[in-house]
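Number of protein chains: 2
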Amino acid sequence: MIIDIHGHYTTEPQALHTFRDKQLAGLADSARKPASIDLGITDEALVKSVEPQLKFQKERGGDLTIFSPRAGGMAHHVGTEAVSLEWSTMCNDLIHRICTLMPDSFVGVGQLPQFPGVSPKNCIPELERIVTKLGFVGVNLNPDPSGGYWTDPPLIDKYWYPIYEKLCELEVPAMIHVSSSCNPNFHHTGAHYINGDTTAFMQLIQGNLFKDFPTLRFVIPHGGGAVPFHWGRYRGLAQDMKRPPLVEYLLKNVFFDTCVYHLPGIELLAKVIPVDNILFASEMVGAVKGIDPETGHYYDDTKRYLDQLTHLSETDRYKIFEGNARRVYPRLDALLTKRGRAGKA
Amino acid sequence: MIIDIHGHYTTEPQALHTFRDKQLAGLADSARKPASIDLGITDEALVKSVEPQLKFQKERGGDLTIFSPRAGGMAHHVGTEAVSLEWSTMCNDLIHRICTLMPDSFVGVGQLPQFPGVSPKNCIPELERIVTKLGFVGVNLNPDPSGGYWTDPPLIDKYWYPIYEKLCELEVPAMIHVSSSCNPNFHHTGAHYINGDTTAFMQLIQGNLFKDFPTLRFVIPHGGGAVPFHWGRYRGLAQDMKRPPLVEYLLKNVFFDTCVYHLPGIELLAKVIPVDNILFASEMVGAVKGIDPETGHYYDDTKRYLDQLTHLSETDRYKIFEGNARRVYPRLDALLTKRGRAGKA
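Protein chains in written order, with the working numbering: chain A, 1 to 345; chain B, 1 to 345.
Same shape as in the complex, but just chain A (with noise of 0.2 angstroms):
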């Protein structure tokens, strides 16, 4: 079974778009304000909108895709508290409808309704909600809600303490994923994403999160940013830090997704990260829509980057592509087993 836990829902019907349009139309004017949360769509609507993911899906041998709302569309940092949470239970609602429609290809992960400077504790009844209630196996954590001006404390600060203690007391693993940004410095997919992440990662070499939360687990994406690529810069500043080894210190409960769109980055990511912390992920009709015109394939298709990794044992193979997915997201793998799919012991 191939498991992408990447994937993002950015083909919504317009429907979606003009409600958002609206609803921050109403915050200059409260006259344009949205009538009704009520977007119309209709469930052929929104199977027809997901029909480019299971395309890619198909041709390129998946089987199940973890998938959020848009990453850039969260853009915390956008209105007030009180948008951020209509707009985050809207998104995360369609990715529930779209999970329930197409329960074989589709599993839900939410986004918080996050917002700068307020504490994230207000994000516990959404997280509730999308878990409990919604089913979903894992949620987006946002590092950066101001949107690249990095106003809000560091993952190891105790501000964000309380949605911590309810991810383990869940189970549910946090991507750490930046949205859109709001300075110019900044492009979103192309500096913010890459930055957002190598910022976390050091960031919890810094702290020592994991002492006060054992259970806790992130999965950093876009292949860990530039960790991979400066992995000797982080054992040795983590060393000079008198850190223990990166891999007992950090590998416990930090995972890196394979999202990284061309062959010599994958070799470098499965050479210096272990197989056991590597997700298979593509994050496909996402930032890279291109083909490559030196492959003459899609950028984003990173399953084909990993099949040309001919080194890697048939075991480290199904870690990657699934074990290693029911691991870090334990109700996925309940999930499955309750429907028959249970992984191999």
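None of these hints come from the bench; they were simulated from the model. Please note that the accuracy of each hint is not assured.
Remember, identical chains collapse to one label, so a pair may be satisfied in a single copy or spanning two.
[What the hints assert, rightly or not] Each computed BS3-like pair below joins lysine-lysine, with the alpha-carbon atoms no more than 27 angstroms apart:
no.: 1; residue 1: 252; residue 2: 158
no.: 2; residue 1: 211; residue 2: 133
no.: 3; residue 1: 55; residue 2: 242
no.: 4; residue 1: 289; residue 2: 242
no.: 5; residue 1: 289; residue 2: 338
no.: 6; residue 1: 211; residue 2: 338
no.: 7; residue 1: 289; residue 2: 48
no.: 8; residue 1: 133; residue 2: 121
no.: 9; residue 1: 166; residue 2: 121
no.: 10; residue 1: 242; residue 2: 252
no.: 11; residue 1: 252; residue 2: 344
With the hints as your guide, set chain B onto chain A.
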């Protein structure tokens, strides 16, 4: 000849730190201002202070280090524009003295008196001074003088054009190098530096700076941040944005150093970045000071990693260790040629 293009003066005498403390204390209490800008540092003390760098240079087989003030020490966000100017002048003068005392080992690169929100145009007098009076061959340009809040415009903005005009006129390249971070989210060498590199490269994809400045040259340090690891992402983003292939679009003007502290990283760098764009560097006595237990050698002994790339031809090695530096820093080439050490044709 082995030229290390990225060395900082990280072993400054205590007198410099004492001056800086008094200078900044003087902002709060003018009675605490330093009595004089004469640091009282003797030539002997200067020579002694760089013994660590000289020892490593010799042990590792280096000949010449392009040497600039401590990057983290620039701290452009601190104090006032006048403080930044006084501090930059003083730091540049120390580099000049070291390069004059040990001309075979060190050639100077300068720090600019940048200040957040202040036009880089104001840096031109100091840039002219260090190049024409002090004989420096390059300069460090901070893309984020705010120290981690990124409040100035991106590098492709016309805001920066006056300094680019002068760089072209003087024929000196700029290393795009951030300084310390006052944003608690960003560890300076573990996040801010690497993010700065990644961010700068993505900005260059977004703009078309080298159309306006065809002779401008930028060195992106730390192996280009996350860029080589995500080379497929950057090629793909450029393609989606209808830019020409990156090699054509940027690599006539943008170069990467080799400050990547493990063999797999250097292997990747040499695999995806053309050899004409890679310049040897170690940033030794810098961000990572320890010995890698996996190899028994210093993490930042980057020459060792390059020496293990046995597929490189002698011509490739010449380019990486010497030839590219002479091309990117034409004033360095002229200086060496004048001293009877011309490069290979």
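Checked hints:
no., hint, in the structure
1, 252 - 158, "within (21 angstroms within a copy, 47 angstroms between copies)"
2, 211 - 133, "neither (30 angstroms within a copy, 55 angstroms between copies)"
3, 55 - 242, "between (49 angstroms within a copy, 25 angstroms between copies)"
4, 289 - 242, "between (42 angstroms within a copy, 12 angstroms between copies)"
5, 289 - 338, "neither (35 angstroms within a copy, 51 angstroms between copies)"
6, 211 - 338, "neither (32 angstroms within a copy, 60 angstroms between copies)"
7, 289 - 48, "within (19 angstroms within a copy, 56 angstroms between copies)"
8, 133 - 121, "within (19 angstroms within a copy, 58 angstroms between copies)"
9, 166 - 121, "within (9 angstroms within a copy, 51 angstroms between copies)"
10, 242 - 252, "within (18 angstroms within a copy, 42 angstroms between copies)"
11, 252 - 344, "within (20 angstroms within a copy, 51 angstroms between copies)"
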